Amino acid sequence: MSTFIFKLGKDLRRNKIIYFMLLPVIAYYAIFQYGPMYGLQIAVKDFIPSKGFLGSPWVGFKHFEDFFGSIFFWRILGNTLLLSLYSLIFFFPAGIIFALLLNELRSNKLRRAVQTISYMPHFISLVVIVGIMFDFLARDGLINNIMAFFNIEPIPFMRSPEWFRTVYISSEVWQNIGWSSIIYLAAVSNVNPTLYEAAHIDGANRWRQMWHVTLPGIMPTVTIMLILFIGKFMSVGFEKIILMYNPVIYESADVIQTYVYRKGILEANFSYSAAVGLFNAVISFVLLILANTMAKRLGETKLW
Amino acid sequence: MLMRRSFGEKLFDTGNTALMIGLSFITLYPLVYVLFSSLSDPQYVVQNRGLILYPHGFNWDAYVMVFKNPNIIQAFGNTVFYVVVGTSINIILTALGAYALSRKNLMLKNVVMFLIVFTMFFEGGLVPLYLMVQKVGLLDSRLALIIPSAISAFNLIIMRTAFQAVPESLEESARIDGANDWSILFRVILPLSMPVIAVMILFYGVSHWNSWFFATIFLQDRELFPLQLILREILISNDTSSMSVSVGSGDKMSIGETIKYATIIVATVPILFLYPFLQRYFVKGVMIGAIKE
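So the protein sequences, as listed, match chains A and B. Using our numbering, you'd call the opening residue of the first sequence number 20 and step up by one each time. Using our numbering, you'd call the opening residue of the second sequence number 843 and step up by one each time.
Read the hints as simulated data drawn from the structure, not as lab findings. Hints may be right or wrong, so weigh each one.
[As the list claims (entries may be wrong)] Okay, derived cross-link-like pairs now, DMTMM-like style, lysine to aspartate or glutamate, Cα gap no bigger than 25 Å in a straight line:
no., chain 1, residue 1, chain 2, residue 2
1, B, 946, B, 1010
2, B, 852, A, 216
3, A, 128, B, 1063
4, A, 35, B, 1063
5, B, 951, A, 30
6, A, 35, B, 982
7, A, 259, B, 982
8, B, 977, A, 286
9, A, 259, B, 1063
10, A, 35, B, 1010
None of these values were measured; they are calculated from a predicted model.
Same shape as in the complex, but just chain B:
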């Protein structure tokens, strides 16, 4: 639709473009600042807090310290475990539930569906959940971060909607060829639903990667801590002492600063690296979930 723009419209367009670019800058700046600071000379960072437009006195020292730190290495490994195992279990259970509940002729379907959706709006709450986890003996074990969050009702609904969209004729012809429900799920439905599976991997994976709260309430043993908990100690309790002991006392504080930033980058980059590849899928995923709920 081609039309001439009035002066007011031109003004609006210019203002809008400027606003959007400005907002993008505000969004990016803190992230870029963290990245540049982590690569800068610690002394400079302390003296020029908040305003670093390129890495000053470029060096990798902070990263070397981070990767030499046994606590961080262990926590990183733990997080990878929680993400990989947790997400796998999430995907398997969600797919099984979504498949079963997307079948038409299941008598108990509506009852089960109602009971699942109900949990989105009413829940037992923190303390009863904690007591339940304690009761089944998961407290202070790796499984405490995996089993109690095994299925998200919201994601199950998204996946169910996607499964329902697979044409029935495909399923019928598979059945004529002698396929049972297992092979229909794994050979017909899942291969045709890869976009939604990608979205689910992103959603579940990110939530495992970023999760810290369940770890604080369910875990005591430091050897099981995920990266986010160590990060919390460093960033918010401001405790880098365990990491910078090998440095002379004068530099101790300032190198602590850049270590902070380097740890943030180590904890954030894996996710941000993955996300542009999955972006085109997740917009679709959010839409399916929210519109057809």
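Chain A with its partners taken away, still in its complex shape:
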């Protein structure tokens, strides 16, 4: 132990400028990342602002029991899982397919133009995106006008719980399909060209080349992205949902994070919502570890 301290002291002296540079970074992480983690202890306490995190009285698992027993528990857990599952099924592969199809375009000019256009919506703020959605999906908006042309009854999309997930996922694909394809396009361009030549000589057509050369070539990237996606499984885009939802569609739109926001920030139920948040964070973390372990087992690329 004492030799460690001795060594560390020497290291601190030798690299004092570097440690000095690191100081603000460590301070930031201590206060705004690990500070809140330390604050999570209020999940098992009744937080009283004047007494602080440490001094608030201990109540054990009361808040967790309240949450698990609440009528909202199954609703928001189900909504969170369903929305993430739909993203996994519809949004996640969209970027991969888009990258593969983009790669098959024969004109470089067209490919670059499509790329530039498809990245653009990623940079537009959620407030604007959701604002445009309200406009296009309104009763007298574009979509309903088109449907009226085909004699379909107008649908109040933004006020129908049964339409929420479809609207959410399709707008997600619209905004981010291009951006999510960047990483796969990069992987595609790293596939060894001699593999295509060999496949061609063996008589593989373009479709088979895509299936047997390109796809296996980008598989490591797909695995990494999948693990990262699962790590974010429980934290579905709650900022977008807050912009989109209203009490009429809570039954399908309310997820764990939006519930935490309403209970914690709007209703100032700090301890209760910290408990709900902790529940969410722990599940996320466990999912991430499971996904990573599974990738390791399958002999695929892993995160660590």
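Mind docking chain B on chain A? Use the hints.
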């Protein structure tokens, strides 16, 4: 590689090209629609919702209203402040951290790195963060939108990877010339890492420009609101009343519509204008970050 295309392949190519052009159209249409609507006659926009292929009754009235509105001007100024100051702090702190953690012979490097990466996968969450911000006295101040999001672990990793790619020989020769770590960072590493710095400015800058959620939870004072919050009131709560009071009541509703679109354009164009120039950099940036994580 030249090869003859079979009929099936030709069919696929045609279909694929059509699909890609179709997708591009779907991507662009809403944006173009907003632009054209903002320049059109409000009455026409209300009567032809969703279908405007060129500006009808071209006029700037909505923009004049937007730029006459003190709320929007103030919010615009606030956003510029948050973007400029926030991004500067982001870049400085991220560069310092990335430089320190890209050094080879630092004893605490791995521990600090682990603690930073860990925050990407587990976090205290919304309520404890809110209480922490309250505790350090940042609530309802401009700094609340700057300090709590001062570093993104993801960006730090990207920058660190870029710094590690700078050849060591350059650094060594600088050291022989008597350079210390400050001058190595600012005179050797940073000038050689401009592409990644450009990407970081884009990523951090865009996230400040578009951010609204922290503002809703940390700010009460309307004078501090960023543009996105005002935009939210106009677009989603549909509240343009504060802006169109000077217009006669009949036109009030319809001009409100075009004001909406003009505000979107004002809030979006600065970003979209910047982005084609930085595009070639950010593709590189995303790759470094994601592949070598």
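Output the indices of the hints that this structure fails to meet, ascending. 3, 4 and 6
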